[in-house]
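Enquirer: All letters in the sequence shown, in the order written, are residues 0 to 87 by numbering that gives the first Met the number 0.
Hints were generated in silico from the structure; no laboratory data involved.
All clues stand as given, with none of them false.
Computed Cβ-Cβ distance ranges for the label pairs, DEER-style: (1) Pro37 / Gly66: 44 to 52 Å; (2) Leu9 / Glu77: 15 to 23 Å; (3) Ala3 / Ala38: 43 to 51 Å; (4) Arg1 / Arg36: 43 to 51 Å; (5) Ile27 / Glu77: 37 to 45 Å; (6) Ala33 / Glu4: 42 to 50 Å; (7) Glu34 / Glu12: 31 to 39 Å; (8) Arg40 / Val5: 36 to 44 Å; (9) Leu39 / Ala3: 40 to 48 Å; (10) Ala52 / Arg7: 19 to 27 Å.
Where a beta carbon is used, it is the ideal one built from N, C-alpha and C, also for glycine.
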Amino acid sequence: MRVAEVLRDLATEYRLAIRYAMEVLSEIEAVLLAEDRPALRALVTSMRGELDAHMALSYLIEEAAQGETSEARAALPEPPEEPILEPA
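Make a model of the complete structure from these sequences and hints.
Expert: Below, the structure written as structure tokens:
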């Protein structure tokens with residue numbers, strides 16, 4: 000399996016996990032709203048923001064797998080100038 004295929008699969012699985020977490024957060028938020036717990040709702044809102052960031056990361060992974068010259072490509076670290084391993 001090529002690296003690009005593995006990265007695409009990783010991004011897809013990552014998004015599925017994030018969507019599930021968002022569904023769970025929505026259920027928690029509904030309970031907190033019914034119980035009038037604004038402080039905990041603020042925490043859920045913060046957690047949703049974190050999940051949004053992870054969702055964006057999943058798209059960066061997928062774009063990197065496609066080798067597109069986009070913002071995702073620019074966000075990747077530059078390769079080292081010198082080889083990490085010494086030649087034998």
